[in-house]
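Q: Start from chain A and add chains B, C and D according to the hints.
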Amino acid sequence: MPIQRQLVLTTERIDEAALLGRRAFSPGMGAVVYFLGVVREMENDAPIRAIEYEAFHKMAEHQFNLLFDEMAKRWPVESVRLVHRLGIVPVNEPSLWVEVTAPHRAEAFAACQWLIDQMKQVVPIWKKPVPV
Amino acid sequence: MPIQRQLVLTTERIDEAALLGRRAFSPGMGAVVYFLGVVREMENDAPIRAIEYEAFHKMAEHQFNLLFDEMAKRWPVESVRLVHRLGIVPVNEPSLWVEVTAPHRAEAFAACQWLIDQMKQVVPIWKKPVPV
Amino acid sequence: MAAPETQIRVTVNFFSFFKELTGCAVWAHSVPAGTTLAQLVDLAGTRFPRVEPMKRSMLVAVGVEYQERWYVLKDKDEVSLFPPVQGG
Amino acid sequence: MAAPETQIRVTVNFFSFFKELTGCAVWAHSVPAGTTLAQLVDLAGTRFPRVEPMKRSMLVAVGVEYQERWYVLKDKDEVSLFPPVQGG
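Chains as they are written, first to last, in the working numbering: chain A, 18 to 149; chain B, 18 to 149; chain C, 155 to 242; chain D, 155 to 242.
With the rest of the complex left out, here is chain A (with noise of 0.2 Å):
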């Protein structure tokens, strides 16, 4: 079954609230994994106001898109949900919001935590702290 996908790469913020109104989830699934990257005030042990995100869009999306077919391969994921903002993303707001729902538990934590995991090697995002 194709996994459904949502995938945004944008310069606003973040709205939980928002993403979460619009979760869609068929009575089969029985398990949703929710991921929520903060900036922190320090990077490098230097205190920092913000990090910007740079991405080469086109292809960060597509990439994207590869990875959530080789997790629907890997895990029976019902729907996946990925945001990142780019841009200067202020100290304590969100960069990365994930929502994995799968049938079971074990396979939404895998298959979300891959998920990151292999963003951070393929998806051609940079970040550069603002100093404060």
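Derived lysine-lysine pairs resembling PhoX-like cross-links, with alpha carbons at most 25 Å apart:
| id | chain 1 | residue 1 | chain 2 | residue 2 |
| --- | --- | --- | --- | --- |
| 1 | C | LYS173 | B | LYS137 |
| 2 | C | LYS228 | B | LYS75 |
| 3 | A | LYS75 | D | LYS230 |
| 4 | B | LYS144 | C | LYS209 |
| 5 | A | LYS145 | D | LYS173 |
| 6 | C | LYS209 | B | LYS75 |
| 7 | B | LYS145 | C | LYS209 |
| 8 | B | LYS144 | C | LYS173 |
| 9 | A | LYS137 | D | LYS173 |
| 10 | D | LYS173 | A | LYS144 |
| 11 | A | LYS75 | D | LYS228 |
Calculated from the structure, these hints are not laboratory results.
A: Then chains B, C and D, alone, in the frame of chain A:
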């Protein structure tokens, strides 16, 4: 540092949006992992309408708190919030909501999964399928 | 004449389908001082034969703590007997 | 007289701090037909000496796909050179 904790055992619906709105988040935290366990339409291959959860309330609270103590020893978790719904939970509605915040992704995922695994071993909550 | 054996009072709570098996949520019972949890579990199995086959997988708590079978009961202990837990 | 070597046009995009190192976001360049990515990377290192030390860890894509260094360039290929990615 003591872990911030919030534990709710309730017969009311789990209100994710309200829970999100009450999240406290210090600037050293970089990762939030949520888990949502949802009642599936089948239990042991038979269709069901709902699951009825029963708890030995005061022991469940105590055992959850022991788990939170142990979690704080194992990982640098900043906060944990857990809501378990009791009574009749209809298919497609969440029975469990867990949120763990920590400085980094790996420890947030590990702590959240560990907590759920342990809960299923020691916290006195039971379920009974409600047939269609 | 030997002094009468000292008796203590304990209550036993049943949870989940143990309530159905016993037809009882709370069982108040007197046992001799020095009785262990293992002995109480045996008594419960005799009194409520349908929980007898569950003794192996049964979880046993006193108050809000799990206890080993060698635990020696005290007066007014609140014991809970229940099947494996299934939260989540 | 030998036929003039056929030239193809490729563009090279730099991302992240490679833009700072090169002072250039997009470098349009002509290379002989048959040139491999490895050779193009060497040319980039010669033209922009500050990326030369980055060659080992550099990631290389053509269009939206990663490519191996033995990939033979085609006319109008859009090559991208960038440091290890850091999303999340």
